[in-house]
Amino acid sequence: MYRYDEFDHQMVQDRVEQFRDQVNRRISGEITEDAFKPLRLMNGVYLQLHAYMLRVAIPYGTLSGSQMRKLAHIAREYDRGYGHFTTRQNIQYNWPSLDRIPDLLNELAEVEMHAIQTSGNCIRNVTSDQYAGAIANEVEDPRIISEVIRQWSTFHPEFSFLPRKFKIAVTGHENDRAAIRFHDIGIVIKQNDQGEVGYEVHVGGGLGRTPFIAKKIGDFVPAEKLLAYLEAVMRVYNMLGRRDNSYKARIKILVHEIGEAEMRRLVEEEFTKIDARDVLSLPHAELNRIAAYFAPPAFEVLSAPFEIFEAAKASNSAFADWVENNVVEHRQEGYAIVNISLKPIGGIPGDATDVQMDALADMAANYSFDEIRVTHQQNLVLPHVRQEDLPALFVQLQETELATPNIGLISDQIACPGLDYCNLANARSIPIAQEISTRFEDLKQQSNIGDLSIKISGCINACGHHHIGNIGILGVDKKGTEFYQLSLGGSHDENAALGDITGPAFTSEQVVGAVENIVDSYLQLRTDDEPFIDTYRRVGMAPFKERLYANV
Amino acid sequence: MSKHLIRMENEQAVIVQDGWAFIDDDEPLTGDRAVISLTRLLESKEDLAQFKGQLGLVLRAGTKQGEDIRDIQSKLDNLAIIMIEFPVYRNGRGFSSARILRDELGFKGEIRAIGDVLFDQLLFMKRCGINAYEVETSLTLEKFNKATSAFSDGYQPAADSLRGILWNRS
Amino acid sequence: MAQHVSKGARFQAVTANRLSDGEVIYFAGDNGWTENFQTAKIADGAEASKELLQAAMTDDFELLLLEPYLFEVIDAGNANFNPASVREVIRAAGPTIRLDLGKQAEA
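Chains as they are written, first to last, in this note's numbering: chain R, 1 to 552; chain P, 1 to 170; chain D, 1 to 107.
Incorrect hints may appear among the rest.
[Claimed, not checked] FRET-style restraints, in silico, Cβ to Cβ:
#: 1; chain 1: D; residue 1: Thr39; chain 2: P; residue 2: Arg7; range: 50 to 58 Å
#: 2; chain 1: R; residue 1: Gly503; chain 2: D; residue 2: Val89; range: 54 to 62 Å
#: 3; chain 1: R; residue 1: Glu33; chain 2: D; residue 2: Val89; range: 45 to 53 Å
#: 4; chain 1: R; residue 1: Asn495; chain 2: P; residue 2: Asp24; range: 53 to 61 Å
#: 5; chain 1: P; residue 1: Arg90; chain 2: R; residue 2: Gln194; range: 40 to 48 Å
#: 6; chain 1: R; residue 1: Phe220; chain 2: P; residue 2: Gly109; range: 39 to 47 Å
#: 7; chain 1: P; residue 1: Arg90; chain 2: R; residue 2: Glu110; range: 31 to 39 Å
#: 8; chain 1: R; residue 1: Glu33; chain 2: P; residue 2: Asp24; range: 32 to 40 Å
Hints in this document: simulated from the structure, not taken from any laboratory.
Keep in mind that this is a model prediction, so the values were computed, not measured.
Note that beta-carbon positions come from the ideal geometry of N, C-alpha and C, so glycine has one too.
Whenever a hint applies, use it, and build me the whole structure from the sequences.
Laid out in structure tokens, this is it:
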């Protein structure tokens, strides 16, 4: 993974000192909250219901063991002993003190981490595929270009006061695990017939109040031109994006208002001007230098049979279940991609304690070439584990309550922090997730149901990605009471789709029963072993709606 | 809140007096330094040709839409100063306008930031080619220099002399 | 936030977050600011509420806190009041899914 050089270290250090100075000026009263707020946001510091919240960046969801260890230490020393992994591959702390945050950031800088641009109207964390570098049939490791984009977008003087936030995601695989079509800029890495690599650029995706699927405007941008192309998109947005209404200020609104063709034309025009000056042509030497950091680790040459692994599967049904649901085939023979569920039955989705984080750091060091990934679904991944080590790893995961075998199943839900934590929320989301999880705790039942994504947001800002859940749940406030609106048929991947609202909202007492009704309907309607999403696409909303509102 | 003007002269920040006067669209041009609107610059030719003084433009950021600096591309040679408005600090259109002026249109005159200009935006403005700043008097020269030296380098090229870390490494 | 704008609210209190650590605090009138909702000053009626918020926003209030606002409370009898909205109930207590955190844990 990427390692800072002295330039990167200096930039982060400069930023920590700048923020320390800003905090001091706020505390002394030299600047008002109004002037301070955009500054603290650009350093990932939010005000939530009970306290500040700090969002630490985990670039393209990749962490080393020592970084995870530092995150555990931060949770212990600066917070209340836990952290929350988010749908943008970052981590959030819910109880930091403003006056200690500069010290906290200093500590993060020691392990090449920061909270730069994790909030505010600027370019945010570039997210990517959690299986990058480990999955077969990847065109190119998407983290390479993600790192390039990360650097180019950091402290960009022209794009730090955009109309609204700006999110970029990259995938290097035809299976889009990074939900690129729901980002302001989404990039798919492609290969042409000559074997050359190019970047397909989509623009204007997003969730929230007005969800949109992104439009493709750049078909095959070569690597050395990509930054110029992105700069063109950003400049068009910065100039034309609306600043009169914050609900209409994202680039998705601009694309919707002027149309895909016009957007493409404007970007091409701007790109031509920028490219003519040649200053953003990325040198191959630098691209190669960065790419080298993402070279495959020193895999052993292994071949079947993998006897320890096979024996454990045969004799330990818990292990077998866990392998079935959580372990994914690796591109390298004898290795495996291990998904770690942060969705224990009845637990808080995405949370990990400092003890768990320390344990994960050890496991990464011992079993996964010291590397961990964070997923968009609030889970973690150990990307490169030898199959023969899986039984021993499983035992350690069980000991730290990280072995729930539910990846992709109904209890593997996404839930935003919701009204338990968040200033923007209309309703709580975590208790709903907990109840659903408990209702469906039986693994046999879950396996029978199969792949089904439930995504829960506590408000229309959609941090829980409810629009793109197979079942989406949106918390709404009706006269001070929490209600929940359901949607069906959302999908975050390359078959991108926004869910359809079922009808009137449900109370918190009714919503879990409503989910059960949906699942029952699915089980009755499905043919062969089609997953929920396929059944929905085949039969449509009508039968589900009928069942849901039968007694109303 | 009173303001003063800080300008970069020979790479040094200095406090200077301002000699420019904004003339409303329906007022005749007087004095030897007149700042006018983009509309006037584009539309009234006669007026301008007769004016013997120096001419400047104020570029409005707008809300829903802003003024486009490229509209007056052909008139740039007539302008000694362009004042880029930041009506509220959140409205960052001016950063792009400044860069286009320097990078693409090759404007060599003064580009001045006016409006809601915050301490913590100064370095970004400087990197985008703005070389004069109308700020509150509480923003002293010392503070200005501190703000603009917060970072010793930059990752990306802009309208200043930094090549960009991504390029310097090669 | 939509939650704390209540049309026709009779009783209201003022809350904010402490600058240093973000802790939820309530305006207690002459007694300054308190962490405990039970000792918050309650205003009766729109006029009194407006005055209460003004009283809370002294010249240097930003040195202590941020984002002060009025929120509705309900008379629970016996000179007791409760926050009217779920949001403010949660703010006064702590996250409902972690009873070991927030003010509720210190009680």
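* Violated hints, by number in ascending order, as checked against the structure -> The structure breaks hints 2 and 3; every other hint is satisfied.
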